[in-house]
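**Student:** These protein sequences, in sequence, are chains A and B.
Numbering-wise (our numbering), the first sequence opens with residue 1 and increments by one.
Numbering-wise (our numbering), the second sequence opens with residue 1 and increments by one.
Hints are computed from structural coordinates only; laboratory data are not their basis.
Sample of chain B residues with no beta-carbon within 12 Å of chain A, all distances over it, derived:
#1 Gly36
#2 Arg46
#3 Arg187
#4 Arg224
#5 Leu227
#6 Arg231
#7 Ala234
#8 Pro296
Examples of chain B residues lying across from chain A (beta carbon under 8 Å, computed):
#9 Arg68
#10 Asn74
#11 Leu135
#12 Asp137
#13 Leu143
#14 His260
#15 Glu262
#16 Gln265
#17 Val270
#18 Ser272
#19 Val279
Where a beta carbon is used, it is the ideal one built from N, C-alpha and C, also for glycine.
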Amino acid sequence: MTTPRQHLADIFVELAGGNPDLPLDPPVLLAALAAHSRDLVGARACGVLVALPGTGGGEVYASEDAARDLILDAEQRSQGPGPYCRATGNPVPRTDLRRAVARQRWPHYVPRALALGYTEVAARPLRGREEPIGALVLFGGEEARLTDEALEFGQSLADIVAIALTRDLELSRSRTLAGQLEHALTSRLVIEQAKGVLAAQRSLSMDEAFGILRGHARARQRKLTGVAQEVVEGRLML
Amino acid sequence: MCRDDRFKPCRPEKPETASSGSIPGRTLLAMTTGDGSAEQAAAAWRRAARARERARSAEEAAERYEQRAVDSGNDVYAQLALMLRSTASCHRSSARLQEAFARSLAGWRRGHGTRPKFMTGVAEACGTSSVALTLVDAGHSQLAVAASSEPARAAQDLEFMLGEGPTRDATTGCRTVRASCDAIEQRWPCYGPALTALGVHEVAAVPLDTTGRCFGALAVFDPRPGLVGSRAFADVVGALTRTVLLDSDADPELYGGIDHREVVQQAAGVLSVHIGRCVDDALALIKARAFTLGVPLETFARGIVAGDLKLTPEGPS
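Can you make the complete structure from the sequences, with help from the hints?
**Tutor:** Okay, structure coming up:
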């Protein structure tokens, strides 16, 4: 690794999510992980397979299109080091794809990888807070062997990105929960106001007024908040 | 089942008037016996254990990165470790708050004193007796409040009535607000003198913030010297924001300790019909009249709901 120290530090900061005050752009970050991993560990190619919560299926970012297609295909067949590593969170050690045992384990995957010139493969997990969120897949070739040092370094890069992603996910979950909380509290106020309106209009107790609101909402299969809002705004007389 | 009534099961001291329900992703206490305090204590212990587990896992990760920072000399690892240490610290604070509540609930069940409030533990963690948590909407209006003491509660009502004060400044500016003695009266011409009349000499309010979205504030009255700006205080605020209020397993009702000012809202509804104006106008009238007359807001509202008190837009009749 001949990368100058400052350049390396800049890459680490980029992979850690850059400016903490700016929102994270996960696709950009993952593409950077794939590209930097290949350059920094001296691999033939690198790809990142992730399944972020709420995005449906797995997504792949790779240093070259062929690697991306290979990993995507593997994910769809649930075969190969990427899907295994992502699902279990366990690393896949450096595996020589020219050996029969690899072909037995991944019969569809191995011939395709060899045809692309990838003679060895390894995978390192992107660890989330509670479960794995993805895998960094590293491909070696004749001229670009995967060393122990390279794999260890790959894990470090994956860790940094995983922490940035996890933190971003937690923040967006907090924002969602804050929105739900505000909605629930606001609904509560509107319902109390509607009880007061109805109680005054029809000389009822608060409990009786609530019974009418609830009965109306149930009979029409509507949300209580919506009914209450209309009562408060004078658009609905009960 | 109605989603809007998810608060009910956590308010066992009041009679059930609404159906209980749930919101996706949130667990509610099942009311099985009497006052529900046994279930609340169990839930508090469970949340405490979970927070301790999360703290441990964050600390383990921090240690790994501290080692890596030493091995590699790379500063990014040190920064990651710091971030994880701060996360762990918030979880530990959260665990302590839950445990303090569970313990005082157990004491109360054995027959000591009044039913404990979650906010009492928050106040103790801040080294004072008076703190108030206020939740606000996007327009910074108060939606609900939880206070540890009567003066703290009265202070929040003052802000609610007058529309000015430290909580409002903290949530609108999303920054910490501090004032003491004369500065209180200078900064808030209506609220200030009323607050000092409650015997408060110093106030600080800290926003509860989820990156750009401020959803409330914690106000501390007469905090112990050095509290604001301390690590322990930041951890309490972090614990409230990150786990106590906003978490998939959270109880944002604080075990029945959140006050929605139901009677005041009901009174606004009643009064709006009597004066033929919108509910917002009625609410503004109630706030203004209660403050002018020096009557506690809730007492005043109760009079309107009971029909003992008739208001006109011009003045009390």
